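Next come the chains, spelled out residue by residue.
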Amino acid sequence: MSAKSLPSTPVRSLYRLVHHRHLRGLGLVTAAALLLNIVVSAMDWWQEYWWLALLTNFILLVIIAERFGELIPLRYKTLYNRSLALSFLVFILLCWEALVDASILNARWFPAPSSILQALWDLTVDYDRFNKSSLLGRPWLIPQEWEANGMTGVKALFKESHVYATLTRVLFGFIIGSIPGIVIGMAMGMNSTIRTMLDTTLSALYVLPKIAIFPIMMLAFPNPFGEGPKIAVVAISAFFLVTINTMTGVQQIDPVLIQAGRNYGANRWKMFRHVIIPGALPMIFSGLRLALGTGLIVIVAIEFVRAKIGVGRVILYHWEILSTEKMYAGLFVTMILGVLLTYGVQLIEYAVMPWQRK
Amino acid sequence: MQPKIIARNVVKTYPTKDGDILAVDNLSLEVADGEFVCVVGPSGCGKSTFLRILAGLTPLTSGSVEIIRDAKTKKPLNSMVFQEYAIYPWKTVWDNVAFGLEMRGVPKAERRSRTELWLKRVGLSRFADYYPHQLSGGMKQRVSIARALANDPEVLLMDEPLGALDAQTRLVLQDELLKLWDAERKTVVYVTHSIDEAILLGDRIIIMTAHPGTTKAEFTVEIPRPRTIETTTTAEFAHHKGIIWEALKDEVSRVYGDQA
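Heads up: the sequence lines are chains A and B, in that order. Residues in the first sequence are numbered consecutively from 0, following numbering that gives the first Met the number 0. Residues in the second sequence are numbered consecutively from 0, following numbering that gives the first Met the number 0.
Check each hint, because a few of them may be wrong.
Calculated pairs, DSSO-like style, for lysine-lysine (alpha carbon to alpha carbon, straight line, at most 27 Å) [unchecked claim]:
1. K269(A) - K248(B)
2. K131(A) - K154(A)
3. K269(A) - K74(B)
4. K74(B) - K107(B)
5. K154(A) - K269(A)
6. K215(B) - K248(B)
7. K119(B) - K107(B)
8. K73(B) - K269(A)
9. K158(A) - K307(A)
By construction, these hints were calculated from the structure, which means they are not laboratory data. Keep in mind the model is a prediction, meaning the values are calculated, not measured.
Okay, chain A solo, but in the shape it has when bound (with noise of 0.2 Å):
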């Protein structure tokens, strides 16, 4: 009772939050760990039970850490899982910075972060003149070509880029193989006859790892080494995902909806529009999701074994020539290119399924 009516001063406070049960145990933790990595570097352990201290330091950080999000306010608890997040991946990054200052590794397989970032600076800046091309094709002399050359310098330049080189692969590879894909996927979901004829060989061609046809590809193209048959393999990729999915989509509305829909007096065209549709869109676009993302594993592994150009190619011609820094930012911007297509698609769901906001 006599503590309720004290007064709240700084004092007080700064004393309870000394005794808060989580920050003692908060203190101990940390002197632990602290200790833990004394003893390992004075006792020269490291050389020798590096996986057994990198583990316990590991478990240590992720008690720390939850001990530390108990004294976190729940209102600014996901700002703190947030920025844990985030805090362990740049924890990650200077921990390889600083074990590849140390000469613990190797900086020909395993480049510092630093150097990856100076090499990605350079890929960007610089134009290859050996490969005749750059990374992003050099958008700041735009203007300048625009002035000297018109369109025709405009286009040279993003005829030069990797990143354009394999974005356009991708996209026009995902279009043209997502539409029929929609299509026969719908009709496959409503009609069962159509379904029962073509699922098996659907499925058949389904397992099949869409790289293994690009030599069919290259013979069936007029121009075997040019753009046709990389975007075509893109295409087939897309088109199974994409129609398998859909028809998942349409098999899975409640058929209870589809009665009402009749019941309610809704033509073929209507039940498609208001009913089918949207009951099979969320499908739809976890199949157009995947279909982008295993595009874009299918255009790096052509490029790996025939293009000029292409992150696939920056990323191979790099391992060739031992530049293991560009090799490292090839990958970094292969990344990148996954997480804006992904990031794409869903702006995209959430633009046409606002049902489906949370």
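Got chain A; can you put chain B on it based on the hints?
Chain B only, in chain A's frame:
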């Protein structure tokens, strides 16, 4: 009273791998214009199948079903309220209530005023822009009821509309249904497995036999309207309940006997 629904010798069999299964056996029913008929029976007796036949959603094997249309109007024959609500998750409350009107191509101005009216009547005006996932079960079923009534059908068909709701929400909605019906006096066929609900809402109660379903008995509910939830506490109500349970209990125990 002139009849609104005439069902004669309705038979429904479902083909299965082990031969045909008889779901509804020689069921006949006449419903007068403006009458509220409740169909009660043990689960699996084919009462929902019968309702779907009335709605034209399931074809019948033999017999005939007719809903007599009021010659002067162009109302839809029937509108159904489903136990599973069957409202569209991708449509707002407003668009769900307007669904029947939009499907039939009712002009925009009329669609608008009717939707507005029925949202108000079921107390959902404030939620017009909500999506179903933001609503409670009771609110979802109100949307479904408003959709059916906004459609202004000749006959309202209700398939255990309150079956998925909790006991308290169910009481509230029973009360609302009584009020709505007192104002509208539509012809209703209402399928339920609750005797209480049937006595409270119905003018007439049809008891169905256990599988395959046909009519076993029928009772006229003599309790005067307007009724409210308090009606269920009267001696009259208890009297009705006793008689109906007497008729129904054999059928229910037949179902359990089959399962045991």
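To see whether the hints hold, each was checked on the structure:
no.: 1; hint: K269(A) - K248(B); verdict: violated, 45 Å
no.: 2; hint: K131(A) - K154(A); verdict: holds, 14 Å
no.: 3; hint: K269(A) - K74(B); verdict: holds, 19 Å
no.: 4; hint: K74(B) - K107(B); verdict: holds, 17 Å
no.: 5; hint: K154(A) - K269(A); verdict: violated, 45 Å
no.: 6; hint: K215(B) - K248(B); verdict: holds, 12 Å
no.: 7; hint: K119(B) - K107(B); verdict: holds, 18 Å
no.: 8; hint: K73(B) - K269(A); verdict: holds, 20 Å
no.: 9; hint: K158(A) - K307(A); verdict: holds, 11 Å
Checked against the numbered hints listed earlier, the structure breaks hints 1, 5; every other hint is satisfied.
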